[in-house]
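**Q** Residue-level listing of the chains:
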Amino acid sequence: MKNGDLGIKTTTIEKALEWGSANSLWPLTMGLACCAIEMMATQAADLDIARFGSEIFRNSPRQSDLMIVAGTTTKRMAPRVKRVYEEMPYPKYVIAMGVCVIQGGPYVDGYSVVMGVDKVVPVDVYVPGCPPSPQALTYGIITLQKKIKHETDR
Amino acid sequence: MKRTGDSTMYKIISESEDKNKIKIINIDKNDLVEFMEDYKGKGYYLSSITGVDMKDHLEVIYHIHNYDTHEYIEVKISTTDDKVPSLTKLWKAAEWDEREQYDLMGVIFEGHENLRRIVLPDEWVGHPLRKSYDLKKVQYISMDPEGKEHVSYNENEGW
Chain A
1 MKNGDLGIKT TTIEKALEWG SANSLWPLTM GLACCAIEMM ATQAADLDIA
51 RFGSEIFRNS PRQSDLMIVA GTTTKRMAPR VKRVYEEMPY PKYVIAMGVC
101 VIQGGPYVDG YSVVMGVDKV VPVDVYVPGC PPSPQALTYG IITLQKKIKH
151 ETDR
Chain B
1 MKRTGDSTMY KIISESEDKN KIKIINIDKN DLVEFMEDYK GKGYYLSSIT
51 GVDMKDHLEV IYHIHNYDTH EYIEVKISTT DDKVPSLTKL WKAAEWDERE
101 QYDLMGVIFE GHENLRRIVL PDEWVGHPLR KSYDLKKVQY ISMDPEGKEH
151 VSYNENEGW
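These protein sequence lines map, in sequence, to chains A and B.
Sequential numbering of the first sequence, starting at 1, is according to this note's numbering.
Sequential numbering of the second sequence, starting at 1, is according to this note's numbering.
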C-alpha cells in the first residue's frame, strides 16, 4: 500500500484480498490427538487467537480457510483428512502442528502412522514441538499471515 | 489348591501379589469361564483385557475390579494355540475388548459371535503387536468413494 499526501491509500485488488483473507483465517477443528489440547488452549481466553483474526473454530470445512492438523495422523485417518481438505473452499491453508504430523515423531516407522501429513495434503506452515506450546502455534498463524501477504522475511 | 463354590469348581495354579499389592491369579484357560462366573457373583466387573506375546505362548490378562471393596485382580491365562474361551456370555463389555485383542495380538476367542477387526481395516494382513510381525512390510490404506477401505503394499495406492 502507498500513502499519498491527500489522505488516500492506493492498492491493488489482490493486495486488498490478501489483507482480508490473512486477517480472517477461520480455522477448522482437525484435532486428531493430544496436540488438539494445545490448539484449544490457543483458542481460549488466555492466548486468544481471535486477536489475530482467527475468530472462531468452525466445525464445517465449508466455513473455514485454515486446517490446523493437530495430532498424529493415522493411516486410516489420512483419507478422511484428504476429503475434509477437498471440501474446504479456496483459498485454503494448512498448518501441520506437532512432530507427528511433520514426519511421524515418536511413531516413526510405526505400522499405523502416516510419516508426515504433507504426503496427504499440501502444508503451508510447520509448527514443531511435542506438543508445540500455544505461543508456538500463534507464531505459526502469524507466519502464515505473513506468507499470505507475501511478507515473509526470507 | 482347589476351591469349591456353590456350583463351580476351578483350579488356581498360583497366586501372588505385585509391588502395588495387586493380586495376580494364574489359572488354566479351561477354568476361565467358571472362575469368572464365580468372581462375577462376588461383585467383580471386567475392567480390561490385555495380551502379552511371550514368543512360545500368548498370555492373556483379565483385569477385574470390585466397586464395593475397590479391589483389583489380575487373572492370567496362557495359551499355546492362540485360542482362549470368550467371556461375552458373562459380560457384554468383553466383546470389544476381545475384538481388540484379536485385532492387534491375534488371540482367537472361542464363542465370540462377531470376532472381526476393530481398529484396523478388514483387509489388513497380520497382527501388529505380535513379535513375529514384520514392520518392514509396510501396508498402506486407501478409501474409495463409497467409503470402503482397501489395504495395499504399494506406496502409491494409499497412505
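Please keep in mind that the hints were generated in silico from the structure rather than gathered at the bench.
Hints may be right or wrong, so weigh each one.
With a straight-line cut-off of 25 Å between C-alpha atoms, the simulated SDA-like cross-links for lysine to any residue are [stated by the list, open to error]: (1) Lys-136/B - Gly-31/A; (2) Lys-136/B - Tyr-111/A; (3) Lys-119/A - Asp-18/B; (4) Lys-136/B - Gly-104/A; (5) Lys-15/A - Ile-142/A; (6) Lys-40/B - Lys-83/B; (7) Lys-131/B - His-57/B; (8) Lys-82/A - Lys-131/B; (9) Lys-92/B - Asp-103/B; (10) Lys-119/A - Glu-149/B; (11) Lys-136/B - Pro-79/A; (12) Lys-131/B - Met-115/A; (13) Lys-146/A - Val-108/A; (14) Lys-83/B - Asp-144/B; (15) Lys-148/B - Asn-23/A; (16) Lys-131/B - Val-108/A; (17) Lys-147/A - Leu-6/A; (18) Lys-137/B - Asn-114/B.
**Q** When you check the alpha-carbon spacing of Lys-82/A and Lys-131/B, does it fall within 25 Å?
**A** violated, 33 Å
**Q** Given the hinted pair Lys-136/B and Pro-79/A, is their Cα-Cα distance within 25 Å?
**A** This hinted pair holds, its Cα atoms lying about 22 Å apart.
**Q** Is the hinted pair Lys-136/B and Tyr-111/A satisfied, with a Cα-Cα distance of at most 25 Å?
**A** holds, 9 Å
**Q** Given the hinted pair Lys-148/B and Asn-23/A, is their Cα-Cα distance within 25 Å?
**A** Distance ~39 Å between Lys-148/B and Asn-23/A Cα, so the pair is violated.
**Q** Would the hint linking Lys-136/B and Gly-104/A be met if the CA-CA limit is 25 Å?
**A** holds, 16 Å
**Q** Is the Cα-Cα distance between Lys-136/B and Gly-31/A 25 Å or less?
**A** violated, 29 Å
**Q** Hinted pair, alpha-carbon criterion (25 Å max): Lys-83/B, Asp-144/B. Please report holds or violated.
**A** The hint is violated at about 35 Å.
**Q** Assess, step by step, whether the Cα of Lys-92/B is no farther than 25 Å from the Cα of Asp-103/B, and give holds or violated.
**A** holds, 18 Å
**Q** Check whether the Cα positions of Lys-146/A and Val-108/A lie no farther apart than 25 Å.
**A** Violated, at roughly 31 Å.
**Q** Can the restraint linking Lys-15/A and Ile-142/A be considered satisfied, given a maximum Cα separation of 25 Å?
**A** Roughly 17 Å between the alpha carbons, so the hint for Lys-15/A and Ile-142/A holds.
**Q** Need the status of pair Lys-147/A, Leu-6/A: alpha-carbon distance at most 25 Å?
**A** violated, 30 Å
**Q** Verify the proposed pairing of Lys-131/B with Met-115/A, using a straight-line Cα cut of 25 Å.
**A** holds, 22 Å
Comparing the model with each numbered hint stated earlier shows that hints 1, 3, 8, 13, 14, 15, 17, 18 do not hold.
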